[in-house]
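Enquirer: Chains as they are written, first to last, in this note's numbering: chain S, 1 to 453; chain X, 1 to 92.
For the record, the hints were derived by calculation from the structure and aren't laboratory data. Fair warning: there could be bad hints in the mix.
[What the hints assert, rightly or not] Pairwise CB distance ranges, derived in the manner of DEER restraints: (1) PRO69(X) / LYS399(S): 49 to 59 Å; (2) GLU400(S) / GLU79(X): 40 to 50 Å; (3) PRO25(S) / GLU33(X): 24 to 34 Å; (4) LEU91(S) / PRO69(X): 42 to 52 Å.
A virtual CB, placed ideally from N, CA and C, is assigned to each residue, including glycine.
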Amino acid sequence: MKQVKIFLDESEMPRQWYNILADLPTPMSPPLHPGTGQPVGPDDLAPVFPMNLIEQEVSTERWIDIPEEVLDVYTLWRPSPLYRARGLEKLLDAPVKIYYKNEGVSPPGSHKPNTAVAQAYYNKAFGIKRLSTETGAGQWGSALSMACQMFGLECRVFMVKVSYEQKPFRGLMMKVWGANCIPSPSDKTQAGRSVLAESPDSPGSLGIAISEAIEDAVGDPDARYSLGSVLNHVLLHQTIIGLEAQKQLEKIGVYPDIVLGCAGGGSNFAGLCLPFVRDKIHGKDLTVIAVEPTSCPTMTRGPFAYDFGDKAQTTPLLAMHTLGHDFVPAPIHAGGLRYHGMAPIVSHLAKEKIIECQAYDQLRTFEAGIKWAQTEGFIPAPETNHAIAAVIQEAVKAKEEGKEKTILFNWSGHGIIDLAAYDAYLSGALQHYEMSDEELARALKAIEGLPKP
Amino acid sequence: MPDREAEPDAYRIRCPKLGGEVTFAYCRWEQGELPCSRVILCWQTHFPVQAYLKDRLSDDEWDSCFNTPPRDKMTTLLELIEAAKQRKDTAS
Chain S
1 MKQVKIFLDE
11 SEMPRQWYNI
21 LADLPTPMSP
31 PLHPGTGQPV
41 GPDDLAPVFP
51 MNLIEQEVST
61 ERWIDIPEEV
71 LDVYTLWRPS
81 PLYRARGLEK
91 LLDAPVKIYY
101 KNEGVSPPGS
111 HKPNTAVAQA
121 YYNKAFGIKR
131 LSTETGAGQW
141 GSALSMACQM
151 FGLECRVFMV
161 KVSYEQKPFR
171 GLMMKVWGAN
181 CIPSPSDKTQ
191 AGRSVLAESP
201 DSPGSLGIAI
211 SEAIEDAVGD
221 PDARYSLGSV
231 LNHVLLHQTI
241 IGLEAQKQLE
251 KIGVYPDIVL
261 GCAGGGSNFA
271 GLCLPFVRDK
281 IHGKDLTVIA
291 VEPTSCPTMT
301 RGPFAYDFGD
311 KAQTTPLLAM
321 HTLGHDFVPA
331 PIHAGGLRYH
341 GMAPIVSHLA
351 KEKIIECQAY
361 DQLRTFEAGI
371 KWAQTEGFIP
381 APETNHAIAA
391 VIQEAVKAKE
401 EGKEKTILFN
411 WSGHGIIDLA
421 AYDAYLSGAL
431 QHYEMSDEEL
441 ARALKAIEGL
451 PKP
Chain X
1 MPDREAEPDA
11 YRIRCPKLGG
21 EVTFAYCRWE
31 QGELPCSRVI
41 LCWQTHFPVQ
51 AYLKDRLSDD
61 EWDSCFNTPP
71 RDKMTTLLEL
81 IEAAKQRKDT
91 AS
C-alpha cells in the first residue's frame with residue numbers, strides 16, 4: 001500500500017501566521033483615501049473593522065501569533081491533511097508527483113473558516129457583539145456564520161438574491177449556525193430600499209450586498225463588518241495552509257517545483273502560496289502560479305505567445321494563450337488580477353513577476369473537475385477546478401518537456417453543495433461559441449511580431 | 001449550433017464573482033443601467049458579446065463600464081463607508 005496522506009499532529013500545528021509584507025523586495029504603495037488623497041489611516045477603517053484587525057492589516061511584522069482561542073477552534077479540522085493525488089497521476093501518465101492540501105475537510109467545506117474564525121475572535125476580543133457581511137454563493141457567509149457561533153457573536157449575512165434563491169442549502173447552513181441570512185437587496189438598509197424602490201424584482205448584485213452589509217455595520221457601536229478575501233489580514237490568516245504544507249512536505253523530504261492555487265479574491269491562492277513565495281524571494285527555484293477564470297477561446301485555438309496585459313502595451317508581457325491585446329477593451333482583458341476584487345498583495349506579486357498568472361475557461365475547468373472526481377473521488381468546488389485545470393496543464397507540459405516535476409496545489413473546497421453547477425455543465429447548458437476563422441484571424445493579427453515563449 | 005445572436009439574455013454562464021450560474025440578462029444589468037465590467041471577458045466565447053453591447057450602449061456608457069480604470073477594494077470600501085455614513089446622517 002502506497003502512502004497517500006501526510007498528517008501533522010495537532011501539537012505540530014503552526015503557532016504563528018506568516019506576513020509577506022515583511023519580505024516583499026519592493027514595498028507596496030499605501031492605499032489612498034479617495035476623499036482626501038492621503039494614505040488610509042486606522043480611523044478611516046474604524047467604522048467597519050475592530051482596531052486589533054486594523055493593526056494586522058497594516059502590520060509589517062513577519063510572524064504574528066495565533067491566539068490560543070483561535071487554535072482551539074482550528075483543531076476541529078486542522079491540521080488539514082496533505083494528499084498525494086496518485087489516481088490523477090496515473091491518468092495523466094506524466095513525470096509528475098501531485099500533492100494537494102485538502103481544505104474541504106472544514107465544517108463549511110472550504111478554506112474560508114481559517115480567517116472567519118480569526119476575525120470572529122478578534123471582534124469578540126474587541127467587544128463587538130454582531131458581525132455583518134455579504135456573500136455571493138454562500139461559501140463565505142456560511143464560514144462566518146459558523147465562526148460567529150463559536151464565539152457567541154450575532155451574525156447577519158446579506159446574500160445576493162439570485163444566489164439565495166438558487167442555493168437554499170447555503171442559506172440553511174447559515175441558519176443552522178444561528179445566523180440571519182437576508183436576501184439582498186433587502187428592506188433592512190437604505191441602500192437596499194433604494195434599489196427595491198426602483199426595481200422591486202432586482203436579483204441583487206455583490207455591489208448592492210456589500211453596500212447593505214457596510215451600512216448595517218456603520219454607526220452601530222456593537223457591530224462591525226467582515227470581509228472574506230482581498231485584504232491583507234485575511235490573506236495573513238490563510239497562511240496556515242502553506243505553513244502546514246511546508247511541515248508536511250518536510251516530513252517526506254519533498255520540496256515542490258510548482259505551487260499553485262485559484263485566485264478569485266486571492267485568499268485561497270495566498271493561503272497556500274505565500275509561505276512558498278517567501279522561499280522564492282530568498283532564492284528557492286520555484287514557480288508559483290495564480291489561476292483565474294476567463295473564457296478565452298484561444299486556450300484551444302490560439303497560439304501560446306507573450307501578450308501585453310493592456311491595450312496601451314504598458315503592462316509586463318504575460319505568456320498566455322492569446323487572441324491579442326486589442327481583442328477586448330483594456331480593463332477587461334487581463335481579467336481578475338487587474339479587476340478590483342483581487343488582493344493587492346497578489347496583484348503586487350504578479351506585477352513584480354514573483355508569481356505567474358494563468359487563466360482557464362470554465363468549460364475546461366469543469367472537464368478537469370470531472371477527471372478529478374473520477375480519479376480521486378472527492379468532488380471539487382467549481383473554483384477549485386481552476387487549480388486542477390492548471391495542474392493538468394503543468395503535467396502535460398512536463399510530459400512534453402520530459403522533465404520530472406513536483407506540483408503542490410490548494411484543493412480549496414468540496415463541491416457537494418455546488419452540484420447544480422455540475423448539472424449545468426453536464427447538461428450542456430454552458431456552451432462554447434465557436435469563433436469563425438475570420439474572427440480568429442482578425443484577433444490574431446494583433447499579436448503578430450510578439451515574442452513566443 | 002444555436003442562433004446565439006437571437007436571444008442572448010437567456011444564455012447561462014457561471015459567474016466568477018458570484019460563484020453560481022446566471023443569465024446574460026443578469027450580467028447585462030449587473031451595475032444597474034450598466035453591464036458588469038467583466039461581461040466581455042466572461043461571454044466572448046459564447047456569442048459576439050462585444051459587438052452586441054457596442055450596438056446597445058452609448059459611448060459614455062461604454063467608457064464608463066469598460067474604459068474606466070478599476071478601483072481597488074480598499075478604495076471601494078472607503079467610498080462605501082462614506083456613503084453609508086451619509087445615508088445614516090440623512091435618515092436621522
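Enquirer: Using the beta carbons of PRO25(S) and GLU33(X), state whether their distance is inside 24 to 34 Å or not.
Expert: 43 Å, violated
Enquirer: Within 40 to 50 Å: is that where the Cβ-Cβ distance between GLU400(S) and GLU79(X) falls?
Expert: Roughly 48 Å apart at Cβ, these two residues keep to the hinted range, so it holds.
Enquirer: With 42 to 52 Å as the target window, see if LEU91(S) and PRO69(X) comply at their CB atoms.
Expert: 43 Å, holds
Enquirer: Is the hinted range of 49 to 59 Å satisfied by the C-beta distance from PRO69(X) to LYS399(S)?
Expert: Because 41 Å falls outside the window, the suggested range is violated.
Of the hints listed earlier, those the structure fails to meet are numbers 1, 3, in rising order.
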